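Chemist: Work the whole structure out from these sequences, hints included.
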Amino acid sequence: DQIVTSSISPFMFVSICLPFLVLIHPRITTLISFLSYLLFYFTLPLTQTDVHILLSNRVNAFSFVGVGMFLSIFMWNIVLSRYTQERIIKKQKEDLEVSYKRSLEVGETLKIANATKDKFFSIIAHDLRGSFSSIYSFSEMIESEISNFSKQTTLEYIDLIKTSAKNTFLLLENLLDWANSQTGRISYSPSKFNMNEIISNATNLMLASAQKKQ
Numbered sequence: 678d679q680i681v682t683s684s685i686s687p688f689m690f691v692s693i694c695l696p697f698l699v700l701i702h703p704r705i706t707t708l709i710s711f712l713s714y715l716l717f718y719f720t721l722p723l724t725q726t727d728v729h730i731l732l733s734n735r736v737n738a739f740s741f742v743g744v745g746m747f748l749s750i751f752m753w754n755i756v757l758s759r760y761t762q763e764r765i766i767k768k769q770k771e772d773l774e775v776s777y778k779r780s781l782e783v784g785e786t787l788k789i790a791n792a793t794k795d796k797f798f799s800i801i802a803h804d805l806r807g808s809f810s811s812i813y814s815f816s817e818m819i820e821s822e823i824s825n826f827s828k829q830t831t832l833e834y835i836d837l838i839k840t841s842a843k844n845t846f847l848l849l850e851n852l853l854d855w856a857n858s859q860t861g862r863i864s865y866s867p868s869k870f871n872m873n874e875i876i877s878n879a880t881n882l883m884l885a886s887a888q889k890k891q
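First residue of the sequence shown? That's 678 in the numbering used here, and the numbers climb one at a time after it.
Treat the hints loosely; a few may be bogus.
[As the list claims (entries may be wrong)] Across the chosen pairs, the derived CB separations fall in these ranges:
{"hint": "1", "residue 1": "Asn857", "residue 2": "Ser886", "range": "36 to 42 Å"}
{"hint": "2", "residue 1": "Lys767", "residue 2": "Leu805", "range": "55 to 61 Å"}
{"hint": "3", "residue 1": "Asn857", "residue 2": "Lys778", "range": "56 to 62 Å"}
{"hint": "4", "residue 1": "Ala790", "residue 2": "Thr830", "range": "44 to 50 Å"}
{"hint": "5", "residue 1": "Ile800", "residue 2": "Ser864", "range": "23 to 29 Å"}
{"hint": "6", "residue 1": "Ser758", "residue 2": "Ala790", "range": "43 to 49 Å"}
{"hint": "7", "residue 1": "Glu782", "residue 2": "Ser864", "range": "19 to 25 Å"}
{"hint": "8", "residue 1": "Thr793", "residue 2": "Asn881", "range": "22 to 28 Å"}
{"hint": "9", "residue 1": "Phe797", "residue 2": "Glu771", "range": "34 to 40 Å"}
{"hint": "10", "residue 1": "Glu874", "residue 2": "Thr830", "range": "25 to 31 Å"}
{"hint": "11", "residue 1": "Phe739", "residue 2": "Glu774", "range": "50 to 56 Å"}
{"hint": "12", "residue 1": "Ile789", "residue 2": "Lys767", "range": "30 to 36 Å"}
{"hint": "13", "residue 1": "Ala792", "residue 2": "Val756", "range": "49 to 55 Å"}
{"hint": "14", "residue 1": "Lys778", "residue 2": "Val756", "range": "45 to 51 Å"}
[Said to hold, decoys possible] As a list, the in silico DSSO-like pairs of lysine-lysine whose alpha-carbon atoms are at most 27 Å apart:
{"hint": "15", "residue 1": "Lys778", "residue 2": "Lys843"}
{"hint": "16", "residue 1": "Lys796", "residue 2": "Lys843"}
{"hint": "17", "residue 1": "Lys890", "residue 2": "Lys828"}
To be clear, the hints were calculated from the coordinates, so they are not data collected in a lab.
Quantities reported herein were computed from a predicted structural model and do not represent experimental measurements.
Backbone N, C-alpha and C fix where the C-beta goes; we use that ideal spot for every residue, glycine too.
Modeler: Structure representation (structure tokens):
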């Protein structure tokens with residue numbers, strides 16, 4: 678019994694414990710197990726002379742090789758499944774981080790857009806109020822003083838009212854253009870333009886108010 682134990686126990690211990698200690702691909706494990714069994718098979722007669730005990734050890738060793746291979750495949754599948762799950766979780770975490778960053782960027786863009794919109798509406802409201810104020814003031818002046826005005830003066834005031842109305846119309850058109858640009862209905866199409874005309878139009882927006890205030 679002592680001879681049998683000393684011969685088979687180390688091989689049994691290695692065959693059973695190796696899959697729990699070292700992670701090796703099952704194909705490599707099969708090759709190693711086969712080579713180790715051949716080594717055990719041919720070196721066993723050096724320590725065991727009894728034919729029956731020799732056969733028993735060889736059969737037991739073959740059984741232990743089968744158990745070791747099964748354990749190796751089992752452990753490999755467990756680790757592979759865990760590794761796959763960890764990769765999926767890591768990918769999901771990365772996707773969540775990207776989505777979170779994008780949501781922050783979108784939120785920041787919305788804040789800027791809202792601030793721009795509020796500022797723009799404030800400017801438009803101020804300019805519209807100035808234009809309508811000029812129209813109202815000149816109309817009221819003509820109504821109350823028309824008997825004292827000459828035809829030329831009356832025509833001048835009417836022309837100022839017309840100019841204010843035209844500028845108000847241009848402001849409304851600009852507002853509509855801005856709204857279309859915000860909804861992506863205006864394509865980017867750069868072109869040359871007359872800077873003097875732009876400046877002149879901007880000046881005309883305030884002309885009626887300036888003349889009123891002298």
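Chemist: Evaluate each hint against the coordinates.
Modeler: These are the hints, each one checked on the structure:
| no. | hint | verdict |
| --- | --- | --- |
| 1 | Asn857 <-> Ser886: 36 to 42 Å | violated (28 Å) |
| 2 | Lys767 <-> Leu805: 55 to 61 Å | holds (56 Å) |
| 3 | Asn857 <-> Lys778: 56 to 62 Å | violated (30 Å) |
| 4 | Ala790 <-> Thr830: 44 to 50 Å | holds (48 Å) |
| 5 | Ile800 <-> Ser864: 23 to 29 Å | holds (25 Å) |
| 6 | Ser758 <-> Ala790: 43 to 49 Å | holds (47 Å) |
| 7 | Glu782 <-> Ser864: 19 to 25 Å | holds (24 Å) |
| 8 | Thr793 <-> Asn881: 22 to 28 Å | holds (25 Å) |
| 9 | Phe797 <-> Glu771: 34 to 40 Å | holds (38 Å) |
| 10 | Glu874 <-> Thr830: 25 to 31 Å | holds (29 Å) |
| 11 | Phe739 <-> Glu774: 50 to 56 Å | holds (52 Å) |
| 12 | Ile789 <-> Lys767: 30 to 36 Å | holds (33 Å) |
| 13 | Ala792 <-> Val756: 49 to 55 Å | holds (54 Å) |
| 14 | Lys778 <-> Val756: 45 to 51 Å | violated (33 Å) |
| 15 | Lys778 <-> Lys843 | violated (47 Å) |
| 16 | Lys796 <-> Lys843 | holds (23 Å) |
| 17 | Lys890 <-> Lys828 | holds (22 Å) |
Hints 1, 3, 14, 15 from the earlier list are contradicted by this structure; the remaining hints agree with it.
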